[in-house]
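Asks: Residues per chain, in single letters:
2 protein chains.
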Amino acid sequence: MSKLPDIDKDFAKWYQEVIYQAELADQAPVRGCIVIRPYGCAVWEEIKTYLDGRIKKNGAQNAIFPLLIPESFLKREAEHVEGFAPEVAVVTYAGGKKLEEPLVIRPTSETIVHHMFARWIKSWRDLPLKINQWANVVRWELRPRAFLRTTEFFWQEGHTAHETKEEAHSQVLTMLDEYAKLAEDMLAIPVIKGPKTEAEKFPGGETTYCFEAIMYDGKALQMGTSHLLAQGFAKSFEIMFQNREGKNAYPYLTSWGVTTRLVGAIIATHGDNKGLIIPPNIAPIQVVIVPIYKKGSSSEEINKKAQELKSSLKKIRVEVDSDESKSPGAKFYKWELKGVPIRIEVGPRDIENNQAVVVDRIENKKEFVPFDKLNKFIADKLEELHKSLFDRALKRQKERWHQGEKLSDFGPDMDKKSYCYQTGWCGCPECEVKLQKYKGSVRCILKENKHKECFGCSKESKSDVFVAKAY
Amino acid sequence: MSKLPDIDKDFAKWYQEVIYQAELADQAPVRGCIVIRPYGCAVWEEIKTYLDGRIKKNGAQNAIFPLLIPESFLKREAEHVEGFAPEVAVVTYAGGKKLEEPLVIRPTSETIVHHMFARWIKSWRDLPLKINQWANVVRWELRPRAFLRTTEFFWQEGHTAHETKEEAHSQVLTMLDEYAKLAEDMLAIPVIKGPKTEAEKFPGGETTYCFEAIMYDGKALQMGTSHLLAQGFAKSFEIMFQNREGKNAYPYLTSWGVTTRLVGAIIATHGDNKGLIIPPNIAPIQVVIVPIYKKGSSSEEINKKAQELKSSLKKIRVEVDSDESKSPGAKFYKWELKGVPIRIEVGPRDIENNQAVVVDRIENKKEFVPFDKLNKFIADKLEELHKSLFDRALKRQKERWHQGEKLSDFGPDMDKKSYCYQTGWCGCPECEVKLQKYKGSVRCILKENKHKECFGCSKESKSDVFVAKAY
Chain X
1 MSKLPDIDKD
11 FAKWYQEVIY
21 QAELADQAPV
31 RGCIVIRPYG
41 CAVWEEIKTY
51 LDGRIKKNGA
61 QNAIFPLLIP
71 ESFLKREAEH
81 VEGFAPEVAV
91 VTYAGGKKLE
101 EPLVIRPTSE
111 TIVHHMFARW
121 IKSWRDLPLK
131 INQWANVVRW
141 ELRPRAFLRT
151 TEFFWQEGHT
161 AHETKEEAHS
171 QVLTMLDEYA
181 KLAEDMLAIP
191 VIKGPKTEAE
201 KFPGGETTYC
211 FEAIMYDGKA
221 LQMGTSHLLA
231 QGFAKSFEIM
241 FQNREGKNAY
251 PYLTSWGVTT
261 RLVGAIIATH
271 GDNKGLIIPP
281 NIAPIQVVIV
291 PIYKKGSSSE
301 EINKKAQELK
311 SSLKKIRVEV
321 DSDESKSPGA
331 KFYKWELKGV
341 PIRIEVGPRD
351 IENNQAVVVD
361 RIENKKEFVP
371 FDKLNKFIAD
381 KLEELHKSLF
391 DRALKRQKER
401 WHQGEKLSDF
411 GPDMDKKSYC
421 YQTGWCGCPE
431 CEVKLQKYKG
441 SVRCILKENK
451 HKECFGCSKE
461 SKSDVFVAKA
471 Y
Chain P
1 MSKLPDIDKD
11 FAKWYQEVIY
21 QAELADQAPV
31 RGCIVIRPYG
41 CAVWEEIKTY
51 LDGRIKKNGA
61 QNAIFPLLIP
71 ESFLKREAEH
81 VEGFAPEVAV
91 VTYAGGKKLE
101 EPLVIRPTSE
111 TIVHHMFARW
121 IKSWRDLPLK
131 INQWANVVRW
141 ELRPRAFLRT
151 TEFFWQEGHT
161 AHETKEEAHS
171 QVLTMLDEYA
181 KLAEDMLAIP
191 VIKGPKTEAE
201 KFPGGETTYC
211 FEAIMYDGKA
221 LQMGTSHLLA
231 QGFAKSFEIM
241 FQNREGKNAY
251 PYLTSWGVTT
261 RLVGAIIATH
271 GDNKGLIIPP
281 NIAPIQVVIV
291 PIYKKGSSSE
301 EINKKAQELK
311 SSLKKIRVEV
321 DSDESKSPGA
331 KFYKWELKGV
341 PIRIEVGPRD
351 IENNQAVVVD
361 RIENKKEFVP
371 FDKLNKFIAD
381 KLEELHKSLF
391 DRALKRQKER
401 WHQGEKLSDF
411 GPDMDKKSYC
421 YQTGWCGCPE
431 CEVKLQKYKG
441 SVRCILKENK
451 HKECFGCSKE
461 SKSDVFVAKA
471 Y
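So the sequences go chain by chain: X and P. Residues 1 to 471, numbered by the numbering used here, are exactly what the first sequence covers, in order. Residues 1 to 471, numbered by the numbering used here, are exactly what the second sequence covers, in order.
Treat the hints with care, as some may be off.
In this list, chains with the same sequence are indistinguishable; a pair is considered to hold if it fits within one copy or across any two.
Computed list of lysine-lysine pairs in BS3-like fashion (alpha-carbon distance at most 27 angstroms, straight line) [as the list claims (entries may be wrong)]:
| id | residue 1 | residue 2 |
| --- | --- | --- |
| 1 | Lys219 | Lys57 |
| 2 | Lys97 | Lys181 |
| 3 | Lys315 | Lys57 |
| 4 | Lys314 | Lys48 |
Worth flagging that the hints you see were computed from the coordinates, not collected in a lab.
Please model the complete structure; the sequences and the hints are all you need to start from.
Replies: Set out below in structure tokens:
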């Protein structure tokens, strides 16, 4: 294994290398795709388990819709097909024959879900209808990057239908808050929430809310979205219900999703020159115990103690690395690369002293902890490490965050230094496109309105926006 | 909702109707596909959760491989491509352009997994390598039937590599036993295990083991398979490792899988004229509590009691149906249709008497149980119902099972009455194809050798076989 590239000198290369070396994923023999290896898959499974519970708590139920969608379905919503047609993969042959109508591999499932909603929703009594799906989707990707941007990716997509716009809007915001909670409480990533501009919203929807984070290199990453689709799709797919007044009405629809990109966000937020740092709350291995074998003392006794310690750590995900063919140094290197939050070392002298050595992955601080205090100590330490990771990411976010008045002034720094800016905007698409000159875009509209004038013209600002280079 | 067709008069129609009426699944607007609705999805999730735990316990780790496979990969193994080419769906356009090489949607993942194995396996120290994937696959289906046979289906596919053939073979049999345990302990379905014939084995493998069950209508259902692939794929994909003697060697490979067909097996094994019966151990709802509202007494008090009873039922999956707009009769009908194993009724008089009415879904037997004894009673009853379902299915299996000597004698009954036969076989494909005249096939080779002569010729039987009509 070669040394990782320096994270501060070549972040893009560091990002790619750490993924391969830590065995999160590997290149696939299919353009734009990756193979998610067991360690990467385990991180995703931790995220899934947590989020699936929250989604169900919110009243949505899981269902499974087909992968293949008739091409004509995509065309029923004009904006939708315009947005997705350039990205889809199309099946034209199947079962040895040319198909009469080509099928697209879902780039997202609104069309087929809404087709089914039209069968299932008849009366206001059928509402709200809340469905979620864990699925793979395909969007042809010209500039792939592992986890952040892949041709096939994995996600959950929630789809709901409501009697009123208020209720639908509230659902959209509830899920946005759930996602922000996932990011902050589980992934230790502080986020910025807000609506997208017209140009950046979901094709066919009314308003798209997103949550964005600032990565290690200063670029913004859209971590997920929650869409108020309103009645557009309901009309295109003829979803109609009898309302409480006995009249026919269209329901208000929403959709919302997060993807395997979240794994990329973890890597690109928390990593350092030693490798990954996986946030404790979703780390598949929270603690690794490394037995330290010494010549002249029995490895059996040390392995037994290591297993004992493992069992003593209740409700904590622990692995014992008792591979006797590898040196402790090689193991430390491996588990640091993989970003396991805490390492426990235990050798003959530790056993004599009834204590273990605890080393954290962030500060590499060594602490001696008596065996009988280990469980509480580790539980507290995991919490503390979560907080440290979050605070460090928040500090970095604040350092990257600048106030900008005129694009011509702040544009060069946005481009060259990947600074993020809060600035004013008149609301016109004409000014929005000016950001492209500096490779920037409006990430989201902010609640504040500090800046009087638009960044791109002399008109009054309607609201502040967050602009940055983005993944 | 219309009445279900009579299960004994038209099983095929009953099967289809009960799936739609119980809301397990719905027809999709894509040929051969279904939409798995929340209730069906929840059954599959229970199966997944159990089996995922067992697979991990067995040492395999989950990973995610791409959906799309280069067409050339399929061709690398001659038998494999011959077996699957007629069934694949092919992507020829993507990202607005014709692809240089078409991609097939995986019908199974051996080819891409083995391509990756060649990258990952270098030394005997990398073995055994045990990988599992939960995924969707597509095989173009001309005679689709919900759950049992659909163009897209959902499964787990395990892929392992071993140093020796013995170890690989043992892995194959271990998983076969795990699957049989899943069928019998969780799904309450007795199974028959054994190897497939050459004609029926996995294309490209050496030996395929299967486990089969006999459905309500007497037809056999292959519930899953476990393949000893041996070294064929390893050679085609150039998977090589340095063995303990320092020499290059090919590993021995296995693969094994079960699919959403298991949900079909549950429906087609346990159902009756009232609807589904979901085996207790994987029922998403094991107990439904129906509050019985009476005029003149407060529904609030009854609902409160129902919720109290729900909380008192520890480790049991309970739902309270407190929809006051529906009659108890309508609710009984609904939950019987959905096959919930136990119904608890609680009304004002029951509250007075400190007891609940417990009704089981199999016998419809009413029992009065004091509130303070309910938890233990229900836990025992669930176990008892599992056993009843299993015994009933086993009894049916035995009734269907006949000894047959000559195909010309037993063939007509196999065809018309869907009887299953144990018979002798010389081992020749020429005799095997004779079964087609009566729509039968060899389901698996049995360990016994009761029958002296082959069913199809006058040669000596090499071993007994299980022959039947199959799904």
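Asks: A separate judgement is required for each hint: does it hold in the structure or not?
Replies: Tested hints:
no.	hint	result
1	Lys219 to Lys57	neither (33 angstroms within a copy, 41 angstroms between copies)
2	Lys97 to Lys181	neither (48 angstroms within a copy, 40 angstroms between copies)
3	Lys315 to Lys57	both (22 angstroms within a copy, 18 angstroms between copies)
4	Lys314 to Lys48	both (22 angstroms within a copy, 25 angstroms between copies)
The structure fails hints 1 and 2 (numbered hints given earlier, in ascending order).
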